[in-house]
Structure formats: C-alpha cells, structure tokens
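Colleague: Residues per chain are reported as follows:
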Amino acid sequence: MNVMTNPTALDVERIRRDFPILKQTIRGKPLVFLDSAASAQKPRAVIDAMVNAMETQYANIHRGLHWMSERTTEAYESTRDAVAALMNANDRSEIVFTGNSTGAINLLAHSYGRGVLKRGQAVLISGMEHHSNIVPWQMLRDAHGIELRVAPVTDAGELDMAAFEALLEDGKVGLVAITHMSNVLGTITPAERIVRIAHAHGAKVMFDGSQAIVHRKVDVRALDCDFYVWTGHKLYGPTGIGVLWGKRDLLERMPPFMGGGDMISSVTYEQSTWAAVPHKFEAGTPAILEGIGLKAAIDYVQTIGYDAMAAHEASLTEHALARLAGIQGLHILGQAQDRGGVISFSLDKAHAHDVATLLDRQGIAVRAGHHCAEPLMHRFNLDSTARASFGIYTTHAEIDALADGLIRVREFFA
Amino acid sequence: MNVMTNPTALDVERIRRDFPILKQTIRGKPLVFLDSAASAQKPRAVIDAMVNAMETQYANIHRGLHWMSERTTEAYESTRDAVAALMNANDRSEIVFTGNSTGAINLLAHSYGRGVLKRGQAVLISGMEHHSNIVPWQMLRDAHGIELRVAPVTDAGELDMAAFEALLEDGKVGLVAITHMSNVLGTITPAERIVRIAHAHGAKVMFDGSQAIVHRKVDVRALDCDFYVWTGHKLYGPTGIGVLWGKRDLLERMPPFMGGGDMISSVTYEQSTWAAVPHKFEAGTPAILEGIGLKAAIDYVQTIGYDAMAAHEASLTEHALARLAGIQGLHILGQAQDRGGVISFSLDKAHAHDVATLLDRQGIAVRAGHHCAEPLMHRFNLDSTARASFGIYTTHAEIDALADGLIRVREFFA
Amino acid sequence: MTQTDSFDDLRDLYQEVILDHGRRPRHAQRLDAFDSTAKGDNPMCGDRVQVWVKYDADTIGRVGFEARGCAISVASADLMAETVQGRSQTDARALFAAFREMARTGICPTCNAAVADALERLAPLSGVHEYPSRVKCATLPWHALIAALDGTKEASSE
Amino acid sequence: MTQTDSFDDLRDLYQEVILDHGRRPRHAQRLDAFDSTAKGDNPMCGDRVQVWVKYDADTIGRVGFEARGCAISVASADLMAETVQGRSQTDARALFAAFREMARTGICPTCNAAVADALERLAPLSGVHEYPSRVKCATLPWHALIAALDGTKEASSE
Ligand SMILES: Cc1ncc(COP(=O)(O)O)c(C=O)c1O
Ligand SMILES: Cc1ncc(COP(=O)(O)O)c(C=O)c1O
Chain U
1 MNVMTNPTAL DVERIRRDFP ILKQTIRGKP LVFLDSAASA QKPRAVIDAM VNAMETQYAN
61 IHRGLHWMSE RTTEAYESTR DAVAALMNAN DRSEIVFTGN STGAINLLAH SYGRGVLKRG
121 QAVLISGMEH HSNIVPWQML RDAHGIELRV APVTDAGELD MAAFEALLED GKVGLVAITH
181 MSNVLGTITP AERIVRIAHA HGAKVMFDGS QAIVHRKVDV RALDCDFYVW TGHKLYGPTG
241 IGVLWGKRDL LERMPPFMGG GDMISSVTYE QSTWAAVPHK FEAGTPAILE GIGLKAAIDY
301 VQTIGYDAMA AHEASLTEHA LARLAGIQGL HILGQAQDRG GVISFSLDKA HAHDVATLLD
361 RQGIAVRAGH HCAEPLMHRF NLDSTARASF GIYTTHAEID ALADGLIRVR EFFA
Chain V
1001 MNVMTNPTAL DVERIRRDFP ILKQTIRGKP LVFLDSAASA QKPRAVIDAM VNAMETQYAN
1061 IHRGLHWMSE RTTEAYESTR DAVAALMNAN DRSEIVFTGN STGAINLLAH SYGRGVLKRG
1121 QAVLISGMEH HSNIVPWQML RDAHGIELRV APVTDAGELD MAAFEALLED GKVGLVAITH
1181 MSNVLGTITP AERIVRIAHA HGAKVMFDGS QAIVHRKVDV RALDCDFYVW TGHKLYGPTG
1241 IGVLWGKRDL LERMPPFMGG GDMISSVTYE QSTWAAVPHK FEAGTPAILE GIGLKAAIDY
1301 VQTIGYDAMA AHEASLTEHA LARLAGIQGL HILGQAQDRG GVISFSLDKA HAHDVATLLD
1361 RQGIAVRAGH HCAEPLMHRF NLDSTARASF GIYTTHAEID ALADGLIRVR EFFA
Chain C
2001 MTQTDSFDDL RDLYQEVILD HGRRPRHAQR LDAFDSTAKG DNPMCGDRVQ VWVKYDADTI
2061 GRVGFEARGC AISVASADLM AETVQGRSQT DARALFAAFR EMARTGICPT CNAAVADALE
2121 RLAPLSGVHE YPSRVKCATL PWHALIAALD GTKEASSE
Chain L
3001 MTQTDSFDDL RDLYQEVILD HGRRPRHAQR LDAFDSTAKG DNPMCGDRVQ VWVKYDADTI
3061 GRVGFEARGC AISVASADLM AETVQGRSQT DARALFAAFR EMARTGICPT CNAAVADALE
3121 RLAPLSGVHE YPSRVKCATL PWHALIAALD GTKEASSE
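Protein chains in written order, with this note's numbering: chain U, 1 to 414; chain V, 1001 to 1414; chain C, 2001 to 2158; chain L, 3001 to 3158.
The hints are simulated quantities; they were obtained by calculation from the structure and are not laboratory data. Check the hints yourself; a few may be wrong.
[As the list claims (entries may be wrong)] Computed list of lysine to any residue pairs in SDA-like fashion (alpha-carbon distance at most 25 Å, straight line): (1) U:LYS29 to U:SER266; (2) C:LYS2153 to U:ARG253; (3) V:LYS1029 to U:GLU252; (4) U:LYS118 to V:LYS1349; (5) U:LYS349 to L:ASP3150; (6) V:LYS1349 to C:VAL2017; (7) C:LYS2153 to U:ASN52.
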C-alpha cells in the first residue's frame, strides 16, 4: 500500500518517534513491545500534557476560586468533552470518570445492581469475560440475590448467539454485561445485534470496551447500548483513570457508589443530597493529572484516526496470523470472523511461561498466563497461553521478529 | 534562627527551586500559592519519576514475565515499602493503595462496615470531619442499620473529649473514624488519647490523616491505631493514588470491596477466592505511574525530614496568626492548642468568595467555601470561610503578602 | 472609596457599580403584593436568593429579592431587578439568555438590538467569565426569576 | 541440542541442566510407600505440584513429585528431590532458606558450608532472580516439601 495515495494510512515510523520508550533496548536488543493489550505505551503528547500541568498549571479543582484552580478545572473538564465526542455521547454529563474499567464495572454493579435491579432478576455475561466483568457480578449475586448467567462461547471463540438469546427468553435478565472485544481471543462481539436482542427482551446492555475502544471507533448512539466502560491506560493514556458512559436517565436513577467530597449537593448529619450526574458518582479529589493526560491521548488518537488505526491493525493481524500459522506445533486460540489485534497461542512442548521468558531474552515482550480470564481458559482446557497484542506503533517487522523468536524457542525445546 | 547552626532547619529558597510551578506569575504578579491543603504542588523529583517511567520503563504490572513488566512491578511495589517505612507499619502487606483518601474511607466503610460490624453497632465520627469521612458512614447507616454518632467540637475548635468518651460508654461503638487534623480549623486531634479511650471501650480507630501526614510524622505503631488513611496529592505526590493502612489481622478479616483482575486467587463461575492482603483490596490495573510518582514524593519528603517541615510550618503558622490578628474585622475560626498550618477566617463586610477573588487578583491563591465540611460550618453558624494553608515551599514573605492583600480587600469594601 | 487609583487591579472585576449595588441594593426587599415568587439555591457555595414578581398588565411591573451571598450575586440580583422591570416576559427571558452568554464568555455574539441597552447596564458583571465557578453567583438570581415567571418554586444553579 | 552456539542468549537462564531435568525429570513419580505428602498451588500462574516423602531413620530417604507447570518448576522439583535425599530435615530446611535467598537475589550471602555443595547443584536456577514473578516457579516445590515435612497438607506460593 502506498502511503502517498492512501490518506487514511498510518505512518508507523512517524508514530514510533512519538513514543520515547520505543527507543529502549532490552539486553542489548531493540525492544519489541507486543503487550499493548495489557497496557499501551504513552506518546510524548501525553507525557508533555502531564508535565505541563505539574509545571505551570496545577491546583485542586471544582470550587477553587483562584486562577490555578479555575484553569485546572477547565483543563480537567475539557476531558469530559473529549470523551463525549470520542464516544459520540449525547451529553457530557453522561461521562463518569473512575479509576479504571474495573472501577467503572464495580460502580455499575453497585449502583445499578443494588440500586435498580431487583432480587430475582439476572445479569447475563459471556464465557469470554475478563475477571473484572465477572467478579463484581458474582459479588452482586452472592450479596443481593441477583442471578448470574453465562452465555457460552463456541469452539471458534465467538459468542454463541442462539444460546445467548435463549438465556434472555424468560425476561428475567435486567442487564447484559458483555465484552466488546475479548482480551484473550481478539474476538469482536456483534454489539448491535446483542443490543437489539437484549432490548427486545427488556434487558439493558453494558459493554466492556476496555479492548474495543483501542481498535475500533465506538459510537454509543449508533450501538444504542446503555452503558459503556473503558480504561485510559490502554488507549495510550495514563494509569489511574477510567470511564463509565451511561444514558443520562439511567445514571440519574442510580444511587451513588462512593460518598465524600465533590459528589454531594448538601450534607447534614441527618441527610445528605447528591450532586447532579456525573458528579454524583465522582467522590473525592479526582484523577486530575490523569484526566489531563487522557485528554492528550484522545487528541492524539483522533489525529491519527480510527480508520487508519483499524486498517493498520487489520494488516498486522493478518500478517501475524499467517506467520504464526507457519510455525509447527503452534496453536492459536480463537478463530473469530471479526477480530482485533490480540492473538493468544500455545506451543507444543513449551509452557507459556517459558515461551514468554525466552522471548523476553530476545527483547520481545509478550504476556503469558490466564490473562485474567480463568473461566475462558478452562472452557478450552488450558491453564495459560502466551499472548501477543498490537498497538498503533507495532510494525510488520516486529511480528516477523516474534515469529522468528518463536521458531528459536521451539527449536530450543525440541 | 540561623540556618547554618540548625541542622533541622529547612532551606525554603532551595526547596522552592525544586517546584517549577512556583516561578509562575498570575496577572503579572508572582504566584503566592496558599492552597496546599486542597492539593500540594509537585516537586521536580515527582515529575521526573513519572516522566522517566513513561519514557524508559513502563508496562502493566504483576504477572508480566517480560523485562518492562518486571521492572515496573518492582518500581511500583517499592512504593509500598516506602509507605510502610513512612508510617512505621509492621508489614508492607498492610499498605493498600486506593484512588484517594475518599476511596480508602469508602473501602473501609464497605469492607469493615458491612463485612465486620454488626447491625446495632455504631460508628463514631467527630464534628469536624471532611465530607469524605461523613458521607460513607451515613450511607452505611442508611443501608445497613449501623448507628452514626458525632462527637461535638468545642468553641475553640477542639474535640470535646468528655463528650467523646461519653459516646463510647455503652460499648456499642465498633469503630471510631476521626480526623487526625482538621482541614478547616487546623486542629490536630489528640490521637494517642483517642486510641486509648476507644480501645478501652472496645472500639477500633481509623484516622483520616489526609492533612496530618503532610505536617507531622505519623507512626501508626506508636499511635496504636487500627486504620490510617491519606491521599497522595496532598503530600506533594500525583493525583489518583491514596493509601489505606490497616492492621493485618483486621485487613484479613475484611471481605473485598471491588472485584476484578489482580484481587483474586482463582475464579470459577461458582466461586472465586481472593488474593492475600493487600492485593485482595486492589482490583484492576493499579495507578502504576501514580505509585511511582508517590514514591518520589515520599523520598523527597523524607530527605527534608518531618522535624524540619514541622518546625518550618510552626514558624509560618505563628507568623500568620500574629499578622492576621492585626487586621481589623478579621475573625479566625478555631483556636486549638495543637494546630497545623491551615487557617480559616472571615472578614466583616466581605463575603469569603469576594475575598478569595480579590486576593486572586493580587496573585494570591486561597480557598473559599465550606471546605467540604458543611456540618462544621453550621456548628459555627457559617456558610463559608476563606482558608490559607501552607506547604514546605511557603515563605514568611508570602504570609505578609496575604496580610497586606487582606488589608487592601478590607479597605476596598470599606 | 478614596484611594481609587491604588485599587485598579481589583476594580477591573469589581467595578464601582458592582460594589455599589452589592453594598446598597435598591430592590432588596420582599414584595408585600406579588404574583409569583421562587427561590434559588447554590448548595455548592451557600448562595441563596428569593425573588418576588408583580406583573403590570403584560409586563413585569416590579421585582424584589432577598439574597444571602457574595457582592457579585447581590449586585447581579439588584441589576436584574432594575433592568427587567417594565419589560415583557419574553424580553426578560431573552435578556437572561444574552446575559448568561456574556457571563460565561465575556462577550455576547448573539446579543441583538432588543436587549443591547439593558445588557450594557449588566456589562460590569461580564468580568466573572474569568472565574467559571463564580458565573453561578451572577446567574443564580436570574434562575430564580425565570422560575418565578415559569411558576416553579425552586431553581438551582446550572 | 545441536545448535548450542546460536542459543547463548537463551541458555544463560535456561541452562542445559534445567532443560534436561525439565524434560526428563528423574523423580517425577508418586511414591507408593510414603510417610508424608503435600500439595503446592500457585493460582496466579496455574502451577501445581504434589510432593511425597519417605523417611529413612533420621533423614529424608526418598522424595517423589508430580508437577504441572513450566520447565523451571519441573526442573526445580527434580533438583530438589535429588539434593534433599539423604539429608536431615534440619538440613533440608536450611537448604530451602538458602535456595530461596538465591532465587530472589541471584546470590546467597548467608550460605554456609553445610549447604554449599547442594546449593551448587541448584545454582543453575539462580537466574530466575531476574524475573521476580518466576521466582515462585522455582520455590513452589520447596514450599510443598516443607509443608510435607511440617505435616501440613497444602502450601501456597509466598
Ligand atoms: C481532612 C480531609 N479528609 C479527606 C479529604 C479527601 O481527600 P481526597 O479528596 O484526596 O479523597 C481531604 C481533602 O480533600 C481532607 O482534607
Ligand atoms: C476486556 C477487559 N476488561 C477489563 C479490563 C480491566 O481494565 P483495568 O485493569 O484497567 O480496570 C481489561 C484489561 O485489563 C480488559 O482487557
């Protein structure tokens, strides 16, 4: 593909220059970072935004009447606008900031699960969820008598849509909480269809978009879902900040999760009243610097554009699947039709941990383990896999390095 | 005081050079930042630590088997050691990271309040708490039938110890949750006595040390308290990270708060088991960069030393109280014997908001409002005060600027 | 105020007219005879205002208020009372929209001839746009007024 | 292994002895007659091991194990079985303490003559100190052994 003739193509060498860390070497070898699905690296723009805030414009926000506080409040709150635009939300007040995706799902499990769902109702998840989208619902089940249902995954690693629909049939499911993209299989779930079916059975839908939003344009109005969560550090932003988007009327019906400063309207010992959404859900001093960093990350991603990012990733994934298929004794977990740049695999005769360590000694960073998805591992009779995942800075040459590295590992254990 | 002859004295001009933001001007006037109690500015060491991580050594932590992940895990976990040393905790596993103080208190209200306290027991707070140490207990009361008691504050702004003890008499109080230093009055509460009395009546004690740890050496073993919480951004660290310290046996008895990645030992749909403390309480990707920044902040503070910080602050506070006492029509709220560098005041004829704005126009940043302590304001029949608060970088000249600025405001409104 | 010159740095926001109306509001009174009333409350800062309205045929005849708050909010309430008296409800609403825009941004691109003269009277308050958290001080009385015109009992700050 | 030279970068951690014992462990068997047994479990990575012990008067006579895990953990279990056989319980515990130190830090300042020879046999595993999250792979079998010596049924990774 000629970059000059394709306006949406992504100039990966230029992008790599934006990420200072990619110049590092590991044991004298250039860093090949294929662990972006766990957490992405940070571009210069994010680093600079955070440094600039700390060096020139920082104070606690909301209700500070002085220049530093007013300006910092503006900077932090502009992130809410940026997130609303990124997700095509109706309204900036639908954007709630949390500590990460896990915090967002726990907020929902608490405020919607305990505050809106009724005993006897059910929550439906899928068989390919991250622990962060399993355990909060399990805790809700055990403490509040909400049933937990699990829609099975096919051998190809896709959601079993017939079974999914059957689990909604009795009308007891109040909320479907399901991944938009698996962090193990790379599978992208059919979000529009899920919403249509769930709504037809009277259930609301939350997507765990922790992985999806890194790879695909997310339009919550087009999806017509009810809640959508993601986490800043995977979208090239800082740690310490996550997002819960919810339809405004639903957020308004939900009681608060944590109590404290900033989330109140008034406090007396007898009774406190809550601030309007989204502040009702944001207790205490927010992640101010992280919000400022996240704004820079969103601006950076928007400048590159989701079309270019998705095209780059599709090309990387295709190349990787082809190269890995050529390695004897290597098995890829998941063959979904619609998939993103996350590939799990195992090697005959070599444990995933040994694979990861031996790749590391060649400068190649992949993850190995259950990827916080034990039930999915058990579904495939596995304890662990190795996983390579791609970001906007990943190159085809790095995928070749992975494949060559794996061939060496296989020979080493032969 | 001659700096050369006093090894514990603090060289404020040198310290000021460590904080890049202090060189800023506001409306052409040098920034006089007297809002550190809301959030402190960040020294170069903290900025550098975070930049260094993002530029040279970053990946998601725990269970990553590659170089970047192992090194980042070490960096993040070394913060736990630094916090344990700072507080003189018995054991690094007693340090739980949260998003801020508010998150720490909510964790406790949830896990200890719902998991350990029994219906019919009571939580005792004081009349000078921040909303973050009121609302979570109110929510616990309303949802779980735990009584909420409030120990009154004297006219001098101190804890009424006789009333405090009387409220413990019936033995129903399971937990005393009380500030170690008021963010409005500057009052330092008699922590050792509080613990002694509470323990004698069978109650555990949590201190909200959000303000205290900025000004005083906190030794949780000497205090013999059971829980202690604070927040990174007030101790010259980044936003997005807070600390809950708890005695290990108590933490072990508490059920988890949020569910998700990293806090589990194993997950099946039927049942999950929890990781050992402190990880049981840390769900999802932690605030990695913020932990690294916080380590740098702790190291910075330890290098200066609490003796020097406390002496500097005592000297500033004495000077400020003397200067403000000389301003006609100015009233200081709180005359505690033991107090830190936080002073609230009001001016006759000028509303606190106008005072803050008019000081801002002179480059002086103070806070005005209820300071997230409405019930305390009501106790003194006030809606709001202005508040000046000091940090290690505050100078006597800045306090003079405040006093001179206030005299101008008074004349302006005369 | 004798030392006018030495207060230049303070006066660009707190102009004389604001200080004057803040200190000696002309309309700070409960109306004995009124057609409508509403309260406004900004719990974030403790500002509180109540507004009374008496109609005179199609126009707003008289406005009175009681306010507890800063100089900006009292002055804004007083200037509001002054400027809306004798205007139609429609005009008063248009004036609020324009004023709110001005308080938020410092300028008022949408201001048209119909409200231009009244807006000029309110212009000294435009400086609050530099302090987003104080914009509410200036607009709270207006929220209460609009609530009274709407027949709602309570308004809260936006 | 024919291409020895081209694998230098891999072999500094996975030395031949580790590969060899990982691939063909000598003691990977359940003992039919045993005095004590215990399991070890590292839920974080799925490693699992069971250890059987048969005493011979005052010393550890025989050790057998079954392990599911990576090459490091299987090799460590096998080398452990080999080195503790014929030693007293006290010696075995001292050896574990020294080994754990070595696995964590790469060196063993506290190692004394009593365990020096056995430790040399375990030295190839010292490279794991570079991978703190894999130190547990090397120490898990030892935790299970100590649990068996203690008469406890289960050990978990530290
Ligand atoms: C005494 C006190 N407690 C609690 C808090 C809450 O801290 P954070 O907002 O970081 O959660 C603060 C500061 O805002 C405080 O001063
Ligand atoms: C699909 C999915 N859901 C949830 C999470 C949790 O995100 P976080 O750890 O930032 O809360 C992750 C990543 O760890 C993920 O990949």
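Colleague: So, for every hint listed, does it hold in this structure?
Modeller: Evaluated hints:
| no. | hint | result |
| --- | --- | --- |
| 1 | U:LYS29 to U:SER266 | 58 Å, violated |
| 2 | C:LYS2153 to U:ARG253 | 23 Å, holds |
| 3 | V:LYS1029 to U:GLU252 | 44 Å, violated |
| 4 | U:LYS118 to V:LYS1349 | 54 Å, violated |
| 5 | U:LYS349 to L:ASP3150 | 34 Å, violated |
| 6 | V:LYS1349 to C:VAL2017 | 17 Å, holds |
| 7 | C:LYS2153 to U:ASN52 | 46 Å, violated |
When held up to the earlier numbered hints, the structure conflicts with 1, 3, 4, 5 and 7 and fits the remainder.
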